[in-house]
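Peer 1: Modelling step: build the complete structure from the supplied sequences, incorporating the hints.
Quick mapping for you: the protein sequence lines, in order, are chains A and B. Heads up, the first sequence is in full-length UniProt numbering, so the first residue is 1 and it goes up one at a time. Heads up, the second sequence is in full-length UniProt numbering, so the first residue is 1 and it goes up one at a time.
Because the hints were derived from the structure by calculation, they are not lab data. Be aware that a few hints might be false.
You can't tell identical chains apart in this list, so a pair holds if it fits in one copy or across any two.
As the list claims (entries may be wrong) - The calculated lysine to aspartate or glutamate pairs, modelled on EDC-like cross-linking and capped at a C-alpha distance of 20 Å, are:
no. : residue 1 : residue 2
1   : K323      : E350
2   : K124      : E157
3   : K265      : E294
4   : K36       : E342
5   : K76       : D291
There are 2 protein chains.
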Amino acid sequence: MARVMRYSVLFGLTLCLACNQNKPSIEVNKVIFPEKEVIFEGLNRPWSIAFLSEDEALVTEKNGDLVRIDLLKQTKNRIKGFPNDLTDSIGTIHVGDNSGIYEVLLHPDFGQNQTIYFSYAAKKPGKGKTTKFVSAKFKNDSLSDITPILIAEPFTEINYHYGGGMAIGEDGKLYLTVGERLFWEHDEPEIPIAQDVTDPRGKIHRFNLDGSIPEDNPKLGPNSIPSIYAIGIRNTQGIALQPNTNRIWFTEHGTIQGDELNILKAGGNYGWPNVTTGKLRSKDYKPPKLDRAELTNPTWFWHHTVAPTGLCFYTGSEFPYWKNNLFIPGLSRGSLWRFQLEGDTIKSVEELFLDSRVRSRKVAQSPEGKLYLLTDLENGQLVRIIPKSISNN
Amino acid sequence: MARVMRYSVLFGLTLCLACNQNKPSIEVNKVIFPEKEVIFEGLNRPWSIAFLSEDEALVTEKNGDLVRIDLLKQTKNRIKGFPNDLTDSIGTIHVGDNSGIYEVLLHPDFGQNQTIYFSYAAKKPGKGKTTKFVSAKFKNDSLSDITPILIAEPFTEINYHYGGGMAIGEDGKLYLTVGERLFWEHDEPEIPIAQDVTDPRGKIHRFNLDGSIPEDNPKLGPNSIPSIYAIGIRNTQGIALQPNTNRIWFTEHGTIQGDELNILKAGGNYGWPNVTTGKLRSKDYKPPKLDRAELTNPTWFWHHTVAPTGLCFYTGSEFPYWKNNLFIPGLSRGSLWRFQLEGDTIKSVEELFLDSRVRSRKVAQSPEGKLYLLTDLENGQLVRIIPKSISNN
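Peer 2: Shown next as structure tokens:
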């Protein structure tokens, strides 16, 4: 009897492992914690990343180039043929200069058409700079067929708040963010820039993937720019599709506090600069009154400045507890925020890695579901957030 | 062969369950989330709880009585013989009146000696009120042998910031918190109350369990009160022993921001009112300068007011991911904060239950490791935080 039991237990253990292979299980006394691991270095203030495969990606360096990195070979190749109207102020004015290269995104049919989208600060000699969004063919580390989608005129000499975020919605449309391009509110015209539907700045725009304008964009009044989808937005760099609800979320930089997280609504007015959860930088500026009933409130705002940027919904399996959670990096405090959601209700908010803060621009996920972070440093890094299973007894 | 395999799998599954009983496992595609469940109601602003068994507890009602509750029978019995110098201002002055009954704690040998400790706002006719800590025998829902441990004189007519927190250290000593009892800083004497080692207010005190003073308390200078263990503390209501490090942590109420989390150090000076992470309420008050090198910095501070109170280290097994985490409730925003720690390093901070905020005074754990919350309401509740296993596919 004893011998039979011994064999049974052995057999049972083996089969336990076998069932684990089909339905992996973790022991209650082992828990998974996140750890950072530097995967790639030497990126000049990386802004965004688009994975070409599990180990290859296009990366935009805000103060450098559009590059292709190979995580296995540890190589970085500069992509040839980048538009030559890229502003030459990059990194030369001062540290706070927002000019540079911003988002990079693959067309949903990239495998067939080799089309990518990217955004950058474009210059016009004698006029200044503005945010520009283009599509291009990407092949053999070169760009061709560069086609403008949006040039957010006017060009100005101000180096701030370009926006530059891009996302593709579940509707197959391209959503672009343009900042209002001011530093001081007392520079606002009578109708504040972000409230003016005849001005492309301080807005989110919606395009078809071929660069044409969808017929079902919201109608925002006489002379309104037809690509405008939402208004009253100071400066949004992060925009992303929530997979399980198909909503689009975006972060917004405030001035003094006022950093917000919003859900995109067709024709929505997010209030800037008339209404904000923070404080205006120009103490004497009195914006015109807006009917608050017509405004869309933020879904979340911070009580202190965090400078939230490139957000990402996590759908991987390495962190089961984090499935469908929203991750938002912050520039000013080097934070990484995790939002646990139920649909579009925020259940909890966690600030992670408090003992290893690093100024970060973007959270991204690889095709197989690995979670990454881009650090906004001159020697910028691609950091992987790895699951570490530790005993918790 | 097919038949053998079928039996094997069946057998394996059975044994899987068998091993689960010894070493419980959870599937990766099931994750545990916290949910609130109201276990008991009708407590008049409950402040603290001391479990007598898994289903019975002593509860202090700030604006009511010391009571015994039975979670199974759903009964609440008023404890007889409470000291009759309990201030009669409770709840009658205004909502912000801090007077009341505070902490309740069992002696480590309660089973043998039936000794409990508790704290409250005591009055002296014509003089005012102050924080008082006593021990007593608790038997048959009655108190006897009530013995004062600390009466934090002077008695004053101010209704704020009594402190009242108590914890027993790993050294078997009793740690008591006394607030500085001011509302405005311009009422401070030349040596601010919390900096004055001849004044018991604005301090943490250390006693033997019999109420005598330990010989190894820090020496804090001429005429210092010998029970004082740390100084410069505005108002601490929450103090708790961290099981795996044996450190004592305490929360501190700031004025405008300045809410802090500290680790207790013998002879430590936590800076109030000379140095704070918040802003002073009296704009024109200039505290004397302190040598910052002699101050103990907070381990954490919030950038907005949360009014942190009765903290608790979780050692239960229902939430494996939370083992040894620190939980802190907040009064002002109805928050529940979770601190993930590695020793005394804070790794991450999560604000939980954002869609069900409730003003809470205390987090506590039952003998078997269930996690509870006391809500600071006139119909105050004991809320259990239950683990809900949900599919996360």
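Peer 1: Are the hints correct? Go through all of them and say.
Peer 2: Consistency of the hints with the structure:
no., hint, verdict
1, K323 x E350, "both (14 Å within a copy, 16 Å between copies)"
2, K124 x E157, "within (10 Å within a copy, 71 Å between copies)"
3, K265 x E294, "within (12 Å within a copy, 54 Å between copies)"
4, K36 x E342, "between (27 Å within a copy, 15 Å between copies)"
5, K76 x D291, "neither (51 Å within a copy, 51 Å between copies)"
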